[in-house]
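K.L.:
The chain contents come next:
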Amino acid sequence: MDFGLIAQYLANGILLGTMYALVAVGFTLFFGVLDVIKFSHGDVLMLGTFIGFTAWMGLAAIGVTNPWVQLLGVLICSLGGTALIGAAIAKWLVLPLKKAPQLNTLLITLMLGTAIREAVRLFYPNGSNPKAFPALLPDAAVELGSFSLRADSVILVLAGLGLIGVLSLVINRTRLGLAIRAVAQDEETARIMGINYTLVVLATFAIGSGVAAFAGIMNGLYYNEINFGMGLILGLIGFSAAIIGGLGNLYGAILGGFLFAGLQVIGAALLPFASAYKDVFAFAVVIALMAWKPTGLIPERSSDRV
Amino acid sequence: MAGIEIRGLRAAYDKADVLHDVSLNVAPGQITCLLGSNGAGKSTLIRAILGLTPPHSGQILLEGEDITGLATHKVIARGIAAIPEGRRMFPKMTVTENLRLGAFQVTDAALIRQRLDTVFATFPRLAERRDQLAGTMSGGEQAMVSIGRGLMGGPKILLIDEPSLGLSPLYVKENFRIIKDIRDQGITVFLVEQNVRQTLAIADYGYVLSGGKLVAQGPAADLAGDEAVREAYFG
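In order, the protein sequences belong to chains W and C. Every letter in the first sequence is one number past the one before it in the numbering used here, and letter 204, counting from 1, is 204. Position in the second sequence (first residue = 1) + 1000 = the numbering used here.
Keep in mind the hints are simulated off the structure, nothing from the lab. Please note that the accuracy of each hint is not assured.
Said to hold, decoys possible - Listed next, the in silico DSS-like pairs over lysine-lysine satisfying Cα-Cα at most 25 Å (straight line):
| no. | chain 1 | residue 1 | chain 2 | residue 2 |
| --- | --- | --- | --- | --- |
| 1 | C | K1213 | C | K1015 |
| 2 | C | K1180 | C | K1156 |
| 3 | C | K1015 | W | K99 |
| 4 | C | K1074 | C | K1156 |
| 5 | W | K98 | C | K1015 |
| 6 | W | K99 | C | K1074 |
| 7 | C | K1092 | W | K293 |
| 8 | W | K91 | C | K1074 |
| 9 | C | K1074 | W | K98 |
| 10 | C | K1173 | C | K1156 |
| 11 | W | K293 | W | K278 |
In isolation and in its complexed conformation, chain W is listed as follows (with noise of 0.2 Å):
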């Protein structure tokens, strides 16, 4: 195998690790403020998309043609509207139940995911078929032998780092982030501290929401296409990825991520037969890896949250 396909797979692994790192942290930060898996996380993502899409359209019906002005109207719409749909899904679906055994969130969100996802499919128009995403990034490439870099993946995995880098300084440098941090050790000791718990949850599904939306816009711009069933396997790499991190832990979800894009690489390149083994096998080692370390590979102790 020559240097320039395995710079390509290592190009794309980065890629679709930063994806599922802001699907996994999601998880992460949801898991971390109730105690709560949110099933509908994936399918949320995929609504947040089909509202970027739908902005795309929009703009294009209303003149605006400048593709970076575009992108900003997408963006602004998607991360928007999906952080309002999280907080909302908060707000009515999951702190009602929060006194309920943690099944019935689960089983609630599973169900409302469903319910979207089917929504989009039936509703959408011609939801059912798979809609082409603008290519709104810039598709120069910079040859290197066999290995090309594209402008708009570069441009996606910096943006995508840069959401990463920012999420970080917002939960360890800020007083909302220092108010997560607290519900996620000891809810009621900083309900104490004059925390408002109800607005920390909330804000904590809108964060999480926003950022896995960015996630679908990012897939979206870098397959060009998206469909209403996209949310069901990003959401489960990212609910894997952010098992195999340690649920509970912002850096272990991110590891989580990049871990299963890596897996998918190596299924895609050392696997004989096609690439479409490529999930197989990397669902398959995760399998192999919670048989071996059942609790993540940075075990959660009880006080180690977010």
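Once you have looked at the hints, place chain C on chain W.
P.N.:
Leaving out everything else, chain C in the frame of chain W:
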């Protein structure tokens, strides 16, 4: 200076810790103590004041205003702070972050810094360990963080729940001295304790709770020799 008045409170937390029709006064500028054995209802009373366990009936008045059933962050905003039972550190945060959380509702950075300096002056040991994770500290050091954290918000009223629990006699003595200092600074203190002798030595007024009912009350000096106090524990 602010006081708390509790009227006909009925509340329950954890089936074993129930309050039946409790009325009491936390007088401004004084140390009022509530004595009682485990399960007497002491924790439920603190939780009810903080809005963590809304009462079934009765009223909680702060400076004459009804705060019954208010959300906890709103109770804190009225000038109440608490040093919870078991100290309740945020274990994966540094000493400074724990103290910072005590002033969560304070937005004036200069004021926070000033109070932080005051806490570090009171507990030089914490100043040395300001960047240490609270979960890795000894019980006595955690007690210092917990007391400092309770003062960071600049409260008018401080609720202190079993500060001597699990501490060595030396730290207990030190803690009670600090609680007296806090009162002398003009902060109203409501002290919940099992340790009768040392509590009555610093308190101004006391109540005794047994089986969810008040069984005795009076100036701390009078309570020290009261038969009902002994009965509440051993009777």
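K.L.:
Run every hint past the structure and note whether it holds.
P.N.:
A quick look at each hint next to the structure:
1. K1213/C with K1015/C: Holds, at about 15 Å.
2. K1180/C with K1156/C: holds, 15 Å
3. K1015/C with K99/W: holds, 17 Å
4. K1074/C with K1156/C: Distance of about 14 Å is within 25 Å: holds.
5. K98/W with K1015/C: holds, 20 Å
6. K99/W with K1074/C: holds, 22 Å
7. K1092/C with K293/W: holds, 23 Å
8. K91/W with K1074/C: This hinted pair holds, its Cα atoms lying about 19 Å apart.
9. K1074/C with K98/W: Cα-Cα ~21 Å, so holds.
10. K1173/C with K1156/C: The hint holds at about 24 Å.
11. K293/W with K278/W: holds, 22 Å
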